[in-house]
Structures are given as C-alpha cells and as structure tokens.
Amino acid sequence: MAKITYIEHSGAEHTVDVKTGLSVMEGAIKNNVPGIDADCGGACACATCHVYVDAAFEGKTGEKSAMEESMLDFAENVEPNSRLSCQIKVTDELDGLIVRLPESQH
Amino acid sequence: MSDPKAKVVILGAGHAGGSMAAFLRQFGHEGPIVLIGDEPIPPYQRPPLSKAWLKGEADAASLALKDRAWYADNGCDLRLGVTATAVNRGDRTVTLSTGETLSYDILVFATGARARKLPVPGADLNGVLELRTAADAEQLKAALGPDRRLAIVGGGYVGLEAAASARALGAHAMVLERESRILARVACPQLSDFFTAYHQARGVRFELGVEIAGFEGEDGQVRRVRLADGRAVDCDAVLVGIGAIPNDDLARASGLECVNGIVVDLDARTADPAVFSIGDVTHRPLPLYDRMVRLESVPNALEQAKVAAGVIAGRPPLTPEVPWFWSDQFDLKLQIAGMPFDADAILVRGDPATAKFAIFHLKGDQIQAVEAVNSPPEFMMGKQLIGNRKPVSRERLADTTVSMKEVAA
Ligand SMILES: Cc1cc2nc3c(=O)[nH]c(=O)nc-3n(C[C@H](O)[C@H](O)[C@H](O)COP(=O)(O)OP(=O)(O)OC[C@H]3O[C@@H](n4cnc5c(N)ncnc54)[C@H](O)[C@@H]3O)c2cc1C
Ligand code: FES
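Read top to bottom, the protein sequences are chains W and C. Residue numbers for the first sequence follow the numbering used here, so the first one is 4 and each next one is one higher. Residue numbers for the second sequence follow the numbering used here, so the first one is 60 and each next one is one higher.
One chain only, chain C, in its complex shape (with noise of 0.2 Å):
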C-alpha cells in the first residue's frame, strides 16, 4: 500500500525527524515531504552537546545531520521555527503555530522528549540549566571555565558526560543524586560503582541519597543548592539532568494511544494507518526480549526512521536490530548493547581496575546484555551473540585468554 507520490508531514525536525527526510529520498520516495520543527535550526545531533562539542572538540556546523541546502535541493519544505499545535487525524490535517493548515497524506510524529523539569523554589532563577537542546548547550559551555562551580543534578548519562568535559575545562564539579547510586536507572551496581571511583579521581565530588530542596540566588542568578537535609552546595551554575519526557502530548489530544509514549508495531506505525512515529517518543515493541520500551538513543531514532520510510516507499522489511547505545566520559567509551531484561547473572570479564573490561547479563547461557567499558570486541561481539540468540558458555566468556571470536564460535 505504498504511494511513491504522498504527501509526507513530519513533525519535529530532530534525529529521527531530520533522517526519515533523508531515507525518504533515498529510498526513492517522490511526493512532497514536509520537515516542521520547533528549533531554530536544521536537524543536527545532540551527543556532542555533552561531549565534543562541550568541551570545544567539534564546532556546531558537524552537528548538523544536511547542510541547510539539502533540504532545499531535496524538494524537502524545512519549516523552523514553527511549532505543530494540533492535528486532526479525521480530515488528515495539521495546525502551526504560524495559523496555517497543512494537510498530509502522511503523518509522523518524531516530536522527541524535553528535559524533565526539578519542581522546586528557585527553578526558574538564571543559571539554572537543562541539556537538551543546542541553545540549552551554548547557555551551558558560556557557565563552564576555569574554577567555576557546577552542581549536577542527576547522575544518569548527559550529567556525568557533562561533569566530565566541565572537568576537562577546568571548572568543578558536582553530582547530586537522589538514589544511592548514580546511573540508577541505566546500569548495573557494578559499573555505577567503576564510573563513580572513576570520576572522583579526576576531581568529580558527588553526594548520593540526596534530596534537593531548592535553589537560592542573589539578584535572580542562582548561588547554591539546597538539600533537603539543610546543608547547602555553593556552585555559579546548575545543571537538572534527571531524565526526559516524550513529546506524546499532541498525539494523546488527537486521540492516539500513548503509554509513556505513542505507542507504534514493528512498522513505527501507529494504530491509524496513515500516522507513523519514531524515536524518542514511541513506546515500542522490541521483539528480542518480547517486551514493549521507550528508548532514548540515536541507533533507535535511526532504525524507526529507516523502518518507517522503508514502509512508505514499499521496500522489504528490515531485521529488527539490538538496541545499543554508546557514552564518552573522560578517556572511557562505554558501549551498551542489549537490555538486562530476565538476566539471571551478571559476568564480568575482565578487570575494572584496568578500565577495559565488560559486564555481561546472562538468561541462562544467553547474553541479554553487555556493558563495555574500552572493549569493542566484547561490544561488537556481544551485540551480534544477543541478535542470533547463540548459547555461550560462562566458563570461556569469563575468561579474558578465550578470545571473543572464540567464545562466539
């Protein structure tokens, strides 16, 4: 049921939004495509925004995904600036911020997530930042220099990536986190207990188990973090990195399902044949581990583009991938690949200590997961064992003298 020559709207030009434009053409696909998004700026990628970029490694225009003329030469409509505030799925139209109307023949959702906001005294005081955005990451490198002070809220990934590079500028650095580990969430106690001893040799304090109470300024620019417990963090900045919610709103108000975000099949499909989504904003089946997640990773945003503009342009499906992700934090490259879902051990090969060593999730024999900390063979070897379902023996994963090829043989 492909049309070569639909009119395809995509709302949100961020990774997933930016690359679906680009597989469209590339797959062929001849009718209109419409790119609208909020932000300023063309499509680019944000991993930089707390890595390279941050520490002044790379420079704005390599985040760009196209020059602004592809968008042009490509007979993509770049809108910027302009926000989607409603769709009617009945007459297949979309409202702009600017009062027009767009119709679609096609619709996608690639709205991403924003940054969860601390609702606490003293949030909105100058010098109280989040990190999702380009112009968020401009406000932030212009707070980082010599001897300046940053408190981090929340020690997932962007925050400690963002300690990280404020170290390798010279400014301090600060991590409050609520629960009693940082990477919570994300990782497994092991590797939240290496990257901690990590950070802290290279200047990085933290303070676990922590409540923030509120934030407190002089003439509006903030001065210090309260924590619940009464003691105070003096710092020139904040950054709130406590995680991202889906941009799901307009969806749910035109009656897609959501469940922490719009929920899509295998196609990025939603249940309206016409309605598509990718990226940060799906929940979404993942058949390896016969669960439905949301996912906030590019090699995610970059599958659903791909699967979705595979389907309007009428090409043979794609095998869904492993989920991975990847962090750069000081000399460290982390590479995840799998989800810990039913795991029933956790291996370690390798030793911590040399900061090269992977943490495997077993289900039986079977790797459902692999942290790899400066170890791409574990990375690339353990991703492709969780693709093929291949049974590994413990005994010879462990041991760091059988090389991953042969443990994989």
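Chain W extracted, bound-state conformation (with noise of 0.2 Å):
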C-alpha cells in the first residue's frame, strides 16, 4: 500500500492509498480521482495518463521505456519530469508519492 496525493491542474488535492502492483493510473481510476482519462487502460497507447511526477520521487519511478519516451513526447505540455502514469507501478518506495496533473489530457 502507498498513500499517492493526485493534484488537479485546478489545485484540488486527491490523496487515496493504492495496492502496491497497481499502476498510478490505475490508483486514479479506481479512486475516481478526476483528470487521468487513460483511454486505452494502461497499453501505453493513448497518452491520456500524462502526470509530472513530484521532483523528490523522480528516481523512484523506475526508467521510461522507448515506447513510453515516444508516446510522451507527443502529448501536450511536456515538461522533463512528465510520465505516462501507467507505466508506473506502485511500490511501497512510493508511498507518499505526489503526482499532477495537467490541465488537459487530449
């Protein structure tokens, strides 16, 4: 279990715990946290589970794979710490994780 705190592009605050094994994607759907549309359910094949991962957490989040690398680099508004957040998978190094959220996600 981590505790992963979602921020809104508006600055609304979602903070919910999510099973380890599961994708912070995935912890943002379940919980309902707005913002995260994740159209193809983690294929790693839409780009509509953007997230910037909080500076502390950067290395904990594991390497960005290729296809994840190019994906990214087509979605709006990237900055270095951005992530498609399927491909994250929690783990209880995570716990306390902070991710945003962009303003749009299409």
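Hints were generated in silico from the structure; no laboratory data involved. Be a bit skeptical, because a hint or two may be false.
[Stated by the list, open to error] No farther apart than 20 Å at their CA atoms in a straight line, the calculated lysine to aspartate or glutamate pairs in the EDC-like style are these: (1) C:Lys464 x W:Glu79; (2) C:Lys449 x C:Asp390; (3) W:Lys6 x C:Asp401.
[Said to hold, decoys possible] Simulated restraints, written as ranges between beta carbons of each label pair: (4) W:Asn80 x C:Pro332: 33 to 43 Å; (5) W:Val19 x C:Asp195: 27 to 37 Å; (6) C:Gly140 x W:Glu79: 38 to 48 Å; (7) W:Val19 x C:Glu89: 16 to 26 Å; (8) W:Asn80 x C:Gln425: 23 to 33 Å.
Quick reminder that beta carbons are idealized off the backbone N, C-alpha and C, glycines included.
Given two chains presented individually in distinct reference frames, assemble the corresponding complex, making use of the accompanying hints.
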C-alpha cells in the first residue's frame, strides 16, 4: 500500500491509498480521481494518463521505456518530469508520492 | 434542456455504460442512475481478454473499470445478472427479466455487440468457443497450455491477438480465414502481409481462402475442424472470431431506427429526445468523413459516453475525436487513427522488415488514416493531422530522415 496524492490542475488534491502492484494510473481511476483519462486502460497507446512527478520521487518511479518516451513526446505541455502514469508501478518506496495533473489529457 | 435531477437508466453495464455512469457523476449529475447489466460482474475492460489477461500478465481485478463499492458510494444502482427485456417509450418504462418495470426520464442503450455465430454442424460441441466476455475468456484460457492445439476461425484482430497469446502460452495456433488475406475488412493488404509473416515466423499457421464445413468431435468434445474442401484440421479447441453483431433488438422493437446499430446523432441521441445510445451498438455520424459508421472500439465507447453524459449534465459540446484503435500482438504495438475512406494513395513510411513502420492513407495531400506499427510518432502526429486536416507533403512524409514534427510543421 502506498499513499499517493494527485493534484489536479485546479489545485484540488486527492490523497488515496493504492495497492502495490497497481499502476499510478489505476490508483486514480479506481478512486475516481478526475484528470487522468487513461483511454487505453494502460496499454501505453493513448498518452491520456500524463502526470508530472514530484521532484522528490523522480528517481523512484523507474525508467521510461522507449515506447513511453516516444508517446510522451507527442503529449501536450510535456516537461522533464512528465510520465505516463500507467507505466509507473506502485511500490512501497512510492509511499507519499505526489503527482500533478496537466490541464487536459486531450 | 438538461435536468440535473433526471433519472437515468442505462441498459448494458459494459465499457460504455459503466463509463457513462462515472462521467455523469464526475459532471455533477444529481439524479438517480440505474445501470442494468446481464453479465454477473461490474463493468470491465475487454481488450486485455485477448492480450495481457489471456497471457496471464494481468489479473481479473485489474480489468474492472471501478471497484464494486464505487457504484454504491456514488448512488449508482448497479443491477447485475439482470436483462432488460422490453422498452416502452410511450410511458418511459423498461421491463426487466426479474419481472420489474422501471421508469426513466432518460434512457441509454449501451448494449454493445455480441459475437457472431458460425451456423455450421458441430457449433455446439464443447470446446467451440467465442471471445466477447470475461466468462468466454476464462473458457479459452482453460483450453490453452503447452502443446494444446487451438484452431481460430477468422483472422481479425481478436483472432490474431488470441493466436499470439496462445503461442506465448506454448500452444499451437492455426488461423482459418475465408478471405484471401487476414484483417481483410479492417486493414490494407500491406499490413495484412506484414502481420501474416510476423505470425508465421512465430509459429502461427494460416489457411487462407477456406470455408468451414463444420466441427467434429468425440464424446461431445470438439476434435477437428472440417473444411469445405474435405480437409480436416485437428484441434483441442476452436475459437470462432468472425466479428460482432450489434445488440440493437430491443431498440428496434421499441420503434427506434436501426441500421446495423442504433442510429444516433453527434450528441449520441436517437430520434427520441429522451433516449441516447453509446458504444458498439451505435450507428453514428463521423463528421470528419461525412459518413455514418458503426465502430467497435474503446475510444469510441468513451467518446460517446462522455458526450452523452455532457449533454445530460448541460456541459458545453466537445469537439468530435478522430477515431482510433490499438492492438498488441507479440512485441508489436499497432495503433490506427482515422479511417481510409476516399483515400487515393497509400504511402509506407519506414521499412516493414524492421517491424517499425507506418502506412498512411492519403486523399490528395490530406491524411485520412494511419496504421502505425511500433511507431508512436507516426500515430500521434498522424492523428493530429487527420483531425486538423492540415495538408502534408508526400515526399517529406515518405522520408524517415524528416521527423513527424517537421512533416507537420
Ligand atoms: C477480446 C476483445 C478485444 C478487444 N480489444 C480491443 C482493443 O485492443 N482496443 C479497442 O479499442 N477495443 C477493443 N475491443 C472492443 C471493445 O472492447 C469494445 O468496443 C467495447 O467493449 C464496447 O463497449 P460497449 O459498452 O459498447 O459494449 P460492451 O462492452 O459489449 O458492453 C455491453 C454490455 O451490455 C450487456 N447487454 C446487452 N444487452 C443487454 C440487455 N438487454 N440487458 C442487460 N444487459 C445487456 C452485454 O452483455 C454487455 O455486458 C475488444 C473487444 C474484445 C471482445
Ligand atoms: S493509459 Fe493509455 S497510455 Fe497510459
């Protein structure tokens, strides 16, 4: 279990418990956190699960695959700390993780 | 004319119906929501049933759209294992298999599609399977394992994904296709050839241009597929994947116009202002191509769920999306955007031999569709260019030294 805080573009915060093994995207969807669309359900095919990872956790969220890197490159408003949240697996190490959500996923 | 207190009854608790309930709440709808589904489990994603889930890489819980508790917590009356049997639009009621009659202010048909049956002798033998529901997928998974022989009737996406997953589990897979190429209805010949070769190199066998005469078994269990030319294909199980038929019978019986699906407008509304329809069951306008089509894809189900929920909740209209689709087979990710309607040329960017290429369908200097294999830039940029109708130079598009961002600049 890890506590994850999702901060919407509007500033609204949602802190939820997410089971390890799920993805950061699934943590949002299952808990009805708005702002992550995840149209492809985690297949790394849509780039509508874009998040900005808080600096304190950047080293802990794992490496981006070439596919993720390539999909992200075409999302809107990409920053160096951008990730596709379906590609981040939740581990105990991620307890306390903060991710910020972009204004829109489309 | 939105009414935040309206009672919304959704028929079909699949990807579209489940998502619509969630969008309604997300958009602040306050009225009661009733979600009627004939399957025994809450709304779930079907795509992994032929892919990650079938290979054992995703568990059942990860398929669910929402945890079961979400429905109760959000005032959504989820009625599982219940079939809607009749709709009376005159007095705005729905009859259920339980004998109950439900009233509605707004009705939504989200009844999806069902697997097309193959009407041949032996189709009712044990081991003759289809793949539409989680229950179907359980049966298929149980039939697969090292050295088990799976015969797949129909070389569409579901069949090919199942073939790839079967190989990953050590089973044998033989695809039997009536047309002279696989993916005949949904992809261009170049893509069919590529997928055929890729599958063959990984042990999938193909018989193209064959007609199925029937299935033969022993003790009620299927043992072989009989082809019309007399040949037999031995097998331990058969997957029939020959397409899907829209579940539009109820709507039709209630007097709504159906043409290969329930006819809706851009708001996902039928001719009856109190009745919407979303997902695989709809025959919908595609303004980009100035046509009516029936699409079978998750993005389509989500788009219509969002549009219909937005209309009911009184939100501003959304820009129509470019239709898209994906498929995973072996280590290939196929992403398709647009539809090749009215295209006058096909252009291949990249080399299929590298398993990283994209096929563009062009109408003059406009991209109508792109089929991208392991090529996210071509898919993402192609999708944008299809949507904004920006002209492109064919020469630059064909030149892989020119990046997709430069092509679009
Ligand atoms: C194996 C498989 C793989 C797929 N892969 C992909 C993919 O990679 N990418 C993609 O975009 N799409 C894919 N699809 C398609 C995608 O799953 C569908 O487009 C999507 O499920 C459509 O959602 P829907 O809600 O319209 O229909 P469904 O999900 O079929 O839901 C309709 C529900 O309504 C129920 N129902 C019907 N009639 C009644 C009634 N009278 N009363 C009560 N309930 C009723 C049905 O039983 C069903 O549960 C795949 C489909 C399958 C089967
Ligand atoms: S959910 Fe589609 S890319 Fe993450």
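Tested hints:
{"no.": "1", "hint": "C:Lys464 x W:Glu79", "result": "holds (13 Å)"}
{"no.": "2", "hint": "C:Lys449 x C:Asp390", "result": "violated (32 Å)"}
{"no.": "3", "hint": "W:Lys6 x C:Asp401", "result": "violated (51 Å)"}
{"no.": "4", "hint": "W:Asn80 x C:Pro332: 33 to 43 Å", "result": "holds (38 Å)"}
{"no.": "5", "hint": "W:Val19 x C:Asp195: 27 to 37 Å", "result": "holds (33 Å)"}
{"no.": "6", "hint": "C:Gly140 x W:Glu79: 38 to 48 Å", "result": "holds (42 Å)"}
{"no.": "7", "hint": "W:Val19 x C:Glu89: 16 to 26 Å", "result": "holds (24 Å)"}
{"no.": "8", "hint": "W:Asn80 x C:Gln425: 23 to 33 Å", "result": "holds (27 Å)"}
When the structure is compared with the earlier hints, violations turn up for hints 2 and 3 and for no others.
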